[in-house]
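Asker: Residue strings, one per chain:
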Amino acid sequence: MFLINCPFCGERDQSEFSSGGEAHIVRPKQPTELSDDEWAEYLFMRKNIKGIQFERWNHVHGCRKWFNVVRDTSNDKILSVYKMGEKPPVSYK
Amino acid sequence: MPNYRIHKTEYIDETKRVSFKYDGKTYFGYEGDTLASALLANGIHLVGRSFKYHRPRGIVSCGAEEPNAICQIGSKKDLTEPNVRATELELYEGLEASSQNCWPNVKFDIGGINNFISPLIPAGFYYKTFMWPKSFWKKVYEPLIRLSAGLGKSPTEPDPDIYDHKYVHYDVLVIGGGVSGIIAAKMAAKNNLKTLLVDDKKILGGSTIYQNNESIKIDNKLSSEWLKNEIQEIKKLSNLTIKTRTSIAAYHGYNFLLAKENLTDHLPEEKKKNKIRQRLWKIRAKKVVIATGSIERPLVFNNNDRPGILLSNSINKYLDYYGVTCGENIILFTNNDSAYETSISLHKKGIKNLIVDLRKSASSEIIKQAESLGIKIYFNHVVTNTFGYRKINSLEIMKLSEDGNTTVGDKIKLSCDCLGMSGGWTPMVHMHTQSGGKLDFRNEDQVFLPKENSEDQISVGSCNGDFDLENIIDKTVNKINKFLDIDNQDYQDTNIICSKENDKRNIWLLPNKIPLGKTKCFIDFQNDSTAKDIKLALKEGFRSIEHVKRYTTTGMATDQGKLSNMHALGIIADTAGVKMGTLGTTTFRPPFTPLTFGTIVGRNVGKFFEVVRKTSMHEWHVKNNAEFENVGQWKRPWYYPKNGENMHDAVQRESKAARDSAGILDASTLGKIDIQGTDASEFLNRVYTNAWSKLAIGKCRYGLMLNEDGMVYDDGVTTRISENHYLMTTTTGGAANVLSKLEDYLQTEWPELDVYLTSVTDHYSTASICGPNSKKILNKLFPNLDLSDENFPHMSFKEAKLENINCRIMRISFTGELSYEINIESKYGHSLWKMCIEAGKEFNLTPYGTETMHLLRAEKGFIIVGQDTDGTMTPSDLQMDWIVSKKKYDFIGKRSLYRSDTIREDRKQLVGLLTDDPKEILEEGAQIVSDIKSKPIDMLGHVTSSYFSPNLNKSIALAVVRSGKTMKGQKLIIPMENKNINVTVSDTIFLDKENKRLNA
Ligand SMILES: [Zn+2]
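Top line first, the protein sequences correspond to chains A and B. The C-terminal residue of the first sequence carries number 628 in the working numbering, and the numbering is unbroken. The C-terminal residue of the second sequence carries number 1017 in the working numbering, and the numbering is unbroken.
Careful: at least some of the hints might be erroneous.
As the list claims (entries may be wrong) - Using 30 Å as the maximum straight-line C-alpha spacing, the simulated DSS-like pairs for lysine-lysine come out as follows:
1) B/Lys911 x A/Lys564
2) A/Lys612 x B/Lys219
3) A/Lys612 x B/Lys455
4) A/Lys612 x B/Lys303
5) A/Lys564 x B/Lys552
6) B/Lys455 x A/Lys600
7) A/Lys618 x B/Lys304
8) B/Lys219 x B/Lys94
9) B/Lys455 x A/Lys585
10) B/Lys758 x A/Lys585
11) A/Lys600 x B/Lys903
12) B/Lys530 x B/Lys552
13) A/Lys600 x B/Lys552
Claimed, not checked - To spell it out: a stretch of chain B is covered by chain A in this simulated footprint if at least three of its residues, at any positions, have a beta carbon under 8 Å from a beta carbon of chain A; those stretches are:
14) 261-271
15) 762-772
16) 903-911
FYI, nobody ran anything at the bench for these hints, they're computed from the structure. Each residue gets a CB set at the ideal place from its N, CA and C atoms; glycine is no exception.
Taking the hints into account, I'd like the entire structure generated from these sequences.
Answerer: So, in structure tokens, the structure goes:
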């Protein structure tokens, strides 16, 4: 059970959060310009990494804020958290 | 009655005699006993029958690893409990226990016959034997297995006991209160770390606390005396919490652990009352010290399962801790030094004993001590067979060959009434592996040891493979100093004398002259699997330990193979000719020992099982005989039966009243989201399929919300209250998800929008009045409100006062009737409802529930998201193309509406169905076909909503059908179990296509 450091509330139990999948997938500004394949890429395709992964989490039973998490999926360690709109820490790129 | 209690100990209070019942017979023990020690004191070894062969089985151990002494406690329908280990159950006055696996009784049972037909019950016998014929399952196999399998009885009534959960946070958690755990806890707590020490036993001290061998000393004291001092000291430490009778059940990631504390299981019935029985501790620790110790290994030889055969160290504990001897003529069979400690303890108490040692010779201090006491030792010998049906009475030993692979010379027969076995020690690495840690294999003594950690934890003491006291103390101190980054000097000058050495001769399957096929060398006592079974599994091609385990069921009983896993692995490695350690181990899964359901659930039972949401009108519905339906967490009136009406009749009456005069619905449960901000209109434009910018203030509009994949997600009416203020309604079940989805887009995709969302579902109560007379009723309630179609047309909103309370009134309709929804602050909801009912009396205003609501909307062909849709329906599939704006550049899901898959013409589409026989009501979920002759039958779709309409006097249904849009007028078939129903595809709107009733 993770202990997640919400950037707004501090460390809280995982049961207060919900996971929102891969982070930094930006909704296309002009969806109508996209081919079926390009749209499908945005809509359906997600990475499934063993190692360092960027994820969205929502403090749904707390401040209800969305934020980003860097997690090593091979050992479940959360390496960093940062707010929406912020860039991921350079060291994990 | 025989008495095997031969001396007093400080742990048994002989002034407090305790009577208990075992298998219906009354016995006595003392306070401090476990059920197992009390039975042994009474000379009882036989405690059950084995799972497969129904062989007599006795107590083997003194702890959590016990495979045989499994009991059913109590007989009350609500309190009886199966699978309790007698070795862990503390004795209390009035305890009633019975052996579990011994139908019809422990001394003679029908399953015993399996022992003689055992050649027919090989590995995988369940898979092989009970395969055929199928008809035998229900009548023969299943009842037989159930009767004879001895899996215990579940209580049949709700558990009346109270259970509790508690969250705690500590700097350091120490698991296990033996020597190393006590040292670790003391070091941590003295260094100002908030520390928790848990131990599953009643008292701290592990196996050292009853140690009385003069040759094992610390600081010139008996090791037990030294430890008692340590315990006295740690009890004074203010930032150390000690929890005994508390066992760790699971070790999860991020140092989150679950522990079960037993609070009343050791108390007599009358003292248990109104107390919390067990508490589940949810522990977060910054650091965890694992000091769970080790358990002794049995040895695998022919007939090693007879009652009276125990682990050597358990014999020692029963003697020195409980004052009970397991026999009067004991043989100890060992491959290492630890059985000598038992031997010397027995000797001191005058119990005759001798030792059979697999080793060719050994010369540690403790062996010299035994020799000097005149204890007979057979070195380089192996036990090859045992005798005695209900209890061991003799055994045979033979000399081992040089390589240990076979026996040589003549059999020597020795009589005995008890056999202790010691195959060395298995470190309890369960916690380490549960935490995600890896294991290493140490060849010298064939043990798995903790290796890499993924959590901030450390293993110390014998669970880390340090078996002698000197090593345990030195290494624990060093490791804890490093682990906690401290410099504790308390133990620097501790002087330890230990006479045992670690030398050991490990042979997994002991040699025998008898062919393996004719032996019974048990590995897993509880699941009755033998060395032969393991070898057979290998012969049949199984290689992976996980497969062999499942095929032979080794290690799959309630003890999870605590005693058997290592031997299974060893025999597989030997047979397959691979190195131990390369095979890996089976997975150690939580819980370490079984948990009761009550502990897991805690207080969340009965009315606390799930949150129940009730509207402010709920009380009125109850008083007026409503039947309720669960919609999400909400209790919604389903229908209001009158004078013994059944559901059908009530719904027919309610539906007719709503269309003929007036009906009233509690619509408070609909989700309500308050939307404010300068970009509120733009926001709605992006989340709904239709256009919102031009909606005038005071007007309402129906909206359809899609997922980004183009599928319908939710729907509802949104009202523009002022320039930058909207009130959105959602489906009852979808409210929370819609809010979350909208917040997600606002926070992550469109942070530039000035929009604020607030859930106001609970803040307003809603009474929805519909029907031709609804305007008259509204007029009575709001005499000052101009209800004319010019002032207050369909799809518009007014604020009005009921007496002096503000109301928001929407003229919107989900039934197709002239209809008003009155919203009021929730605290006035009940009054509003009663005033509506009062005002409606002269118009036969009829309260109706969700079923009538569903019927009325189906007559109008309005969809219910989640009933007529299932996450695969686009607006076009629902024949709702009219609601999708062609002009808007973008909205959630727009691009997906013209993906190659969503524009297919043969998608399932919503249609109406009329049965040829108007009285025939279709079943929701029924399949739809056009041709039942060709096989396989082509499934075209299914019925989503179906009702008998009293207003049309015929059956109507909605369905999704492949290419349904083009099928109007076509005949289709609904094949049912006993008939085929003929239907015709129709329009989805069955009543008032012209919408005349909205302005009636
Ligand atoms: Zn938060």
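Asker: State for each hint whether it applies.
Answerer: These are the hints, each one checked on the structure:
| no. | hint | result |
| --- | --- | --- |
| 1 | B/Lys911 x A/Lys564 | 12 Å, holds |
| 2 | A/Lys612 x B/Lys219 | 36 Å, violated |
| 3 | A/Lys612 x B/Lys455 | 16 Å, holds |
| 4 | A/Lys612 x B/Lys303 | 14 Å, holds |
| 5 | A/Lys564 x B/Lys552 | 65 Å, violated |
| 6 | B/Lys455 x A/Lys600 | 37 Å, violated |
| 7 | A/Lys618 x B/Lys304 | 28 Å, holds |
| 8 | B/Lys219 x B/Lys94 | 28 Å, holds |
| 9 | B/Lys455 x A/Lys585 | 18 Å, holds |
| 10 | B/Lys758 x A/Lys585 | 28 Å, holds |
| 11 | A/Lys600 x B/Lys903 | 34 Å, violated |
| 12 | B/Lys530 x B/Lys552 | 17 Å, holds |
| 13 | A/Lys600 x B/Lys552 | 58 Å, violated |
| 14 | 261-271 | holds (count 3) |
| 15 | 762-772 | holds (count 4) |
| 16 | 903-911 | holds (count 3) |
When each numbered hint is compared with the structure, violations occur for hints 2, 5, 6, 11 and 13.
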